[in-house]
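Protein chains in written order, with our numbering: chain A, 7 to 423; chain B, 7 to 423.
If you're looking for bench data, these hints aren't it; they were derived computationally from the structure.
Warning: the hint list may mix true and false statements.
Same chains, same names: a pair is fine if it fits in one copy or spans any two.
Pairs of lysine-lysine residues, derived as DSS-like cross-links and limited to a Cα-Cα distance of at most 27 Å, are as follows [claimed, not checked]:
{"#": "1", "residue 1": "Lys346", "residue 2": "Lys280"}
{"#": "2", "residue 1": "Lys22", "residue 2": "Lys50"}
{"#": "3", "residue 1": "Lys396", "residue 2": "Lys280"}
{"#": "4", "residue 1": "Lys421", "residue 2": "Lys276"}
{"#": "5", "residue 1": "Lys276", "residue 2": "Lys321"}
{"#": "6", "residue 1": "Lys358", "residue 2": "Lys82"}
{"#": "7", "residue 1": "Lys301", "residue 2": "Lys37"}
{"#": "8", "residue 1": "Lys280", "residue 2": "Lys18"}
{"#": "9", "residue 1": "Lys280", "residue 2": "Lys389"}
{"#": "10", "residue 1": "Lys396", "residue 2": "Lys421"}
{"#": "11", "residue 1": "Lys301", "residue 2": "Lys389"}
{"#": "12", "residue 1": "Lys50", "residue 2": "Lys334"}
{"#": "13", "residue 1": "Lys164", "residue 2": "Lys82"}
{"#": "14", "residue 1": "Lys50", "residue 2": "Lys396"}
{"#": "15", "residue 1": "Lys396", "residue 2": "Lys336"}
Model, not experiment: these values are computed from the prediction.
2 protein chains.
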Amino acid sequence: MALSNIQNSNNKSAKKVMRQCDQMAEFTAMKGGLLRAYLTPEHKQAHKQLALWMQEAELETWQDSVGNQWGRKVSKNPTLPTLIIGSHSDTVSNAGKYDGNLGVLIGLEALSVLADVDLPFHVDVVAFADEEGTRFNTTLIGSSSVAGCFQQDWLAVKDKDQITMGEALTHFGLSPDEVGHDARTRQDTLAYLEVHIEQGPVLEERDLAVGVVTGIAGAKRYQFTLRGMAGHAGTVPSDMRQDALCGAAEMILAIESYAMQHDVVATVGKCDVKPSAVNVIPGETTFTLDIRSLKQDVLESSTLELLAQLDVIAKRRNLSIENEQLYKAKAVPCDITLQKLWGEVVEAETGKAAFYLASGAGHDAMVMPNITDIGMLFVRCEKGISHHPKEQVIESDVGVALDCLVAMINRMAVKYS
Amino acid sequence: MALSNIQNSNNKSAKKVMRQCDQMAEFTAMKGGLLRAYLTPEHKQAHKQLALWMQEAELETWQDSVGNQWGRKVSKNPTLPTLIIGSHSDTVSNAGKYDGNLGVLIGLEALSVLADVDLPFHVDVVAFADEEGTRFNTTLIGSSSVAGCFQQDWLAVKDKDQITMGEALTHFGLSPDEVGHDARTRQDTLAYLEVHIEQGPVLEERDLAVGVVTGIAGAKRYQFTLRGMAGHAGTVPSDMRQDALCGAAEMILAIESYAMQHDVVATVGKCDVKPSAVNVIPGETTFTLDIRSLKQDVLESSTLELLAQLDVIAKRRNLSIENEQLYKAKAVPCDITLQKLWGEVVEAETGKAAFYLASGAGHDAMVMPNITDIGMLFVRCEKGISHHPKEQVIESDVGVALDCLVAMINRMAVKYS
């Protein structure tokens with residue numbers, strides 16, 4: 007699909023959101039590229055701009071204890087808890103303009119569109135100040151504070167300049183002692199909605215503007231170390247070798263094959279050989295595994311099965327194998343009712359059957375189940391590229407996503423009244 | 007086999023050779039390890055020591071144009087051209103004591119044992135001053151000069167301190183203009199014999215002290231670059247990936263499997279992934295191939311077949327593949343008559359059937375066919391380890407090799423008279 011072939015919808019709001027994404031990208035610490043990290047001058051400037059736009063949309067605005075920017079569409083007669091719509095405003099280094107920011111700006115524009123409609127609940131739009139973990143390697147700081155799961159020991163984590171998060175909060179004008187004290191509760195929150203670029207190629211492949219997210223995959227990461235016997239590439243016969251790279255190669259194919267046949271994605275992203283010489287049989291190989299599934303039980307059982315397969319291969323090849331778990335995150339399903347509502351609005355707005363897909367990447371929505379139900383909508387992005395200057399969305403898709411979000415808020419007003 | 011369990015033979019000469027290997031290892035540029043490179047003070051000192059030992063064995067001694075050390079057992083009535091016995095005296099960095107040096111010292115000791123025997127030919131023992139290429143990355147300098155294939159452009163090659171080989175020759179007291187002018191000819195050379203450690207595990211595996219070398223394998227080296235598509239480890243479905251590492255893994259296994267089934271050894275010694283992140287699908291992988299065979303035609307056909315197999319894999323996986331040839335050396339067979347003679351003496355000295363094996367590593371003998379027939383004998387080394395301080399031989403094996411060499415010289419005296 008050539009994106010240029012797609013007619014832009016004549017959607018003034020979509021154009022506005024696209025322009026705002028461009029404007030947000032100007033708040034950057036990186037010459038010729040986009041980098042906006044937590045508790046930096048760019049964070050402050052970007053949120054100041056967001057606050058102005060929020061005020062133009064007649065929202066009440068404030069910055070919370072951890073540096074998130076909020077705008078509230080106040081209901082005259084709130085009979086229900088508050089609906090939160092959000093995503094993040096921080097970026098990775100040399101980032102694209104849409105990851106996170108698009109969701110914030112679509113949320114804001116939806117409230118602008120609904121300015122004259124009174125809803126039975128307040129609607130908050132929030133720009134979480136850190137999701138990527140670019141500065142402190144600790145991800146989801148903004149949403150964790152709101153969801154009541156900010157970990158106090160994060161305050162001692164240092165950035166590359168040895169500044170702790172606590173010190174950075176103080177420099178920013180915030181009080182480390184108060185972080186998380188304004189967390190929302192289950193009682194005062196109706197739901198959390200997030201619009202985000204897909205960061206994968208599935209919607210493009212299926213020629214769909216948007217897709218309903220079924221949940222956020224759980225993930226585990228391991229590093230494996232295989233040890234065999236280094237040796238002279240010319241003098242050790244094939245059948246007397248204990249080649250750690252050949253062992254790793256068999257394991258990498260086993261992992262690939264397993265993922266093809268099961269409800270997981272699995273990736274070997276790193277592979278390092280020792281001694282790494284053209285004429286020496288590899289004596290040691292380390293490689294990583296990243297395995298994800300939307301179904302936590304499938305993730306657990308698949309990981310066990312794969313680890314067992316790797317052990318069998320190592321044993322047969324007379325290699326030692328060690329593994330170290332680097333990371334784990336549980337699968338987070340999206341609320342079924344919210345999925346169904348998203349499905350209805352997508353069908354109504356696009357005239358096509360709604361497409362449901364899991365998110366392999368992590369999002370702020372991951373931590374929000376701590377206080378409320380979550381519902382996510384993905385927007386097609388070109389070639390699935392993200393975390394890169396080439397990250398791109400189509401204006402007409404932004405229009406579709408915006409229409410869906412407006413319709414979703416209206417349906418929730420009906421559904422939950 | 008525990009080497010310590012093997013009774014040392016009561017062989018005074020073997021003990022002497024072992025002691026001389028230890029003494030030679032003292033001429034080193036490396037604290038706590040062995041490093042003796044071409045045209046260095048250590049080269050000069052080691053060859054001075056060799057010359058002394060040669061003189062003790064009543065040999066005529068001289069240094070040739072390229073810095074090789076010679077000792078000649080002069081025949082009273084030479085009816086045949088000169089027999090050359092040799093190996094190299096230089097080492098890699100952090101080397102073992104036996105690679106090269108053992109062959110020189112066994113040759114020297116054989117002539118010492120035969121001091122009172124008049125042969126129908128002169129016998130020269132030579133310590134080639136460079137085989138490893140440690141200083142100039144140009145290997146086989148010493149033997150190439152003798153065999154008439156020293157390349158004059160080597161004189162311009164620089165070491166890491168930007169000193170050319172020509173300058174180094176001058177500093178050493180030699181004349182760059184004269185290098186190779188004292189090359190031997192086919193007319194004045196009967197044969198070239200070399201005793202060398204195996205540098206592989208085959209003799210140890212078969213519990214044999216020595217083995218007859220059938221030839222020196224030809225080798226080709228390539229670097230392959232595979233390009234696919236990098237992507238997010240969580241968001242790109244398995245069946246939409248172009249994973250350059252999975253492609254490389256399949257190729258590495260194909261290479262391993264091919265080598266098992268054909269008369270080649272093949273090694274992937276290096277494998278590097280880009281971007282090399284735990285959560286990113288590899289977009290590019292480079293790996294090397296080192297393939298060797300004693301049979302030049304097998305090497306050629308196997309290389310073609312393997313390259314074709316890799317192309318098929320790349321195509322099926324929608325990856326681009328490029329290759330760059332890094333190195334090639336033709337296979338060099340040992341002379342059939344000399345192999346047969348070695349076989350006879352090995353059977354006579356050990357009481358076991360002679361075992362024949364190819365050399366996967368390069369040796370000085372590789373270039374000598376330019377002027378004469380070559381014959382090589384391998385000595386078992388512990389676990390096949392070489393180019394490492396752990397390089398080890400058994401004294402009794404050295405005794406066997408020495409006895410075989412003495413018997414070989416005697417048989418040649420009969421055979422060629």
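In rising order, the numbers of the hints this structure does not comply with: Failing hints, ascending: 1, 4, 6, 7, 8, 10, 12, 13, 15.
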